[in-house]
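Engineer: This is what each chain is made of:
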Amino acid sequence: MSQALEAQAVTRSRDFARVAGALVQLTKPGVTRMVLVTTAIGAILAPGRPVLSKLVITVVATAAVVAAANALNMYLERDVDARMARTRERPIPSGRISPEVALWFGVVLAIAGLVVLSFVVHPLAGLLCSVAFLSYVLVYTPLKRVTAFALHVGTIPGAIPPLIGWASMTGSLSWAALSVFAILLVWQIPHFLAIAIFRASEYEDAGLAVYPTVRGVPAAKRAVIAYSCLLLAVSLLPPLLGLGGWPYVVVASALGIAQIVVAVRGLTAPELKRWAGGLFLATLPYLLVVYGCLALTAP
Amino acid sequence: MSAVPPMRWWAWGLLAAICLAIPLLGYWLGR
Numbered sequence: 001m002s003q004a005l006e007a008q009a010v011t012r013s014r015d016f017a018r019v020a021g022a023l024v025q026l027t028k029p030g031v032t033r034m035v036l037v038t039t040a041i042g043a044i045l046a047p048g049r050p051v052l053s054k055l056v057i058t059v060v061a062t063a064a065v066v067a068a069a070n071a072l073n074m075y076l077e078r079d080v081d082a083r084m085a086r087t088r089e090r091p092i093p094s095g096r097i098s099p100e101v102a103l104w105f106g107v108v109l110a111i112a113g114l115v116v117l118s119f120v121v122h123p124l125a126g127l128l129c130s131v132a133f134l135s136y137v138l139v140y141t142p143l144k145r146v147t148a149f150a151l152h153v154g155t156i157p158g159a160i161p162p163l164i165g166w167a168s169m170t171g172s173l174s175w176a177a178l179s180v181f182a183i184l185l186v187w188q189i190p191h192f193l194a195i196a197i198f199r200a201s202e203y204e205d206a207g208l209a210v211y212p213t214v215r216g217v218p219a220a221k222r223a224v225i226a227y228s229c230l231l232l233a234v235s236l237l238p239p240l241l242g243l244g245g246w247p248y249v250v251v252a253s254a255l256g257i258a259q260i261v262v263a264v265r266g267l268t269a270p271e272l273k274r275w276a277g278g279l280f281l282a283t284l285p286y287l288l289v290v291y292g293c294l295a296l297t298a299p
Numbered sequence: 001m002s003a004v005p006p007m008r009w010w011a012w013g014l015l016a017a018i019c020l021a022i023p024l025l026g027y028w029l030g031r
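Chain order of the listed sequences is Y and V. Using this note's numbering, the first residue of the first sequence is number 1, and each one after it goes up by one. Using this note's numbering, the first residue of the second sequence is number 1, and each one after it goes up by one.
Calculated directly from the structure, the hints in this document are not laboratory data. A few of these clues could be false.
[Unchecked claim] So, partial list: chain V residues that the calculated Cβ filter (under 8 Å) puts toward chain Y:
| no. | residue |
| --- | --- |
| 1 | Pro23 |
| 2 | Gly26 |
| 3 | Gly30 |
[Claimed, not checked] Okay, the calculated beta carbon distance ranges per label pair:
| no. | chain 1 | residue 1 | chain 2 | residue 2 | range |
| --- | --- | --- | --- | --- | --- |
| 4 | Y | Trp104 | V | Leu24 | 16 to 26 Å |
| 5 | Y | Ala85 | V | Gly30 | 12 to 22 Å |
| 6 | V | Ala11 | Y | Gly48 | 34 to 44 Å |
Quick reminder that beta carbons are idealized off the backbone N, C-alpha and C, glycines included.
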């Protein structure tokens with residue numbers, strides 16, 4: 001009898017661990033981590049000394065809403081995910097979690113995060129997070145099936161987190177805050193184009209409209225160069241608005257030019273996938289170093 | 001694949017309304 005109960009308890013704890021693991025995977029931890037960093041940077045860059053307790057609450061609440069957005073994105077894309085080798089093992093298509101659980105997990109987490117941001121931190125932080133959440137789940141996600149232009153729409157929720165951090169500290173926004181937003185807005189286009197070029201055939205097989213498959217790889221390469229040039233220009237806006245000093249200008253210019261060089265090399269690269277992979281890997285440290293440098297030289 | 005029917009459009013609309021109402025309520029209560 002006791003053996004049977006023990007076995008039952010073991011099975012139950014295994015089930016719990018399996019569901020908990022699936023829920024964590026549902027939040028796309030890598031994407032969520034990146035959002036946490038950019039939210040914290042926004043809070044640090046805001047005028048005045050950042051209040052640590054407020055920073056922690058903002059970051060945790062924003063993480064909850066981002067996790068919810070990712071869970072609902074996986075809920076909405078479960079049919080497409082089941083068709084691609086890379087995403088077939090995600091919690092819903094692999095059957096580790098039911099779509100209803102993912103749906104309610106996302107809904108409850110989003111509401112909880114927005115309540116904390118709006119009532120404990122500042123309503124503006126809550127409003128910005130709400131706009132990011134809704135535009136990601138209800139505009140960008142469905143638009144991905146229809147048009148390659150979804151990439152550009154998706155950059156808006158992706159760039160809002162520094163504004164959430166900024167608003168959490170000041171309760172307002174400024175041109176300086178918008179310049180930090182603009183860097184992230186433009187940065188995402190070459191970053192996601194690199195992924196789209198790298199995985200073009202996969203997306204095509206799954207029936208997703210992505211830029212390189214719709215407009216062609218040469219057009220995508222030209223867009224990477226154009227947006228890398230725009231990124232260099234935009235990255236020099238914060239010093240004009242009182243953020244970052246000369247060290248920042250030097251670092252941002254050097255990294256911006258380096259990214260343009262990598263982008264231009266794509267025109268003659270013999271191996272497309274290798275170039276796209278390299279570009280993707282180059283964009284990640286770019287953002288971290290540029291934002292880090294901005295934060296370190298914050299007034 | 002799941003045979004779960006897609007969430008109704010009005011349910012997504014309701015979620016959007018709730019998400020926007022929360023910060024607006026925060027503003028209203030904080031006045």
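Engineer: Run every hint past the structure and note whether it holds.
Structural biologist: Going down the list of hints, with the structure as the test:
1. About 3 Å separates the beta-carbon of V:Pro23 from the nearest beta-carbon of chain Y, less than 8 Å, and the hint is met.
2. Nearest Cβ of chain Y to the Cβ of V:Gly26: about 3 Å, under the 8 Å cut. The hint holds.
3. Using the Cβ-Cβ criterion of 8 Å, the hint placing V:Gly30 at the interface with chain Y is satisfied: the shortest such distance is roughly 6 Å.
4. About 24 Å separates the C-beta atoms of Y:Trp104 and V:Leu24, a value consistent with the hinted range of 16 to 26 Å.
5. Our hint of 12 to 22 Å for Y:Ala85 and V:Gly30 is violated, since their Cβ atoms are close to 49 Å apart.
6. The hinted range of 34 to 44 Å is satisfied by V:Ala11 and Y:Gly48, whose Cβ atoms lie roughly 41 Å apart.
The structure does not agree with numbered hint 5 stated previously, though it agrees with all others.
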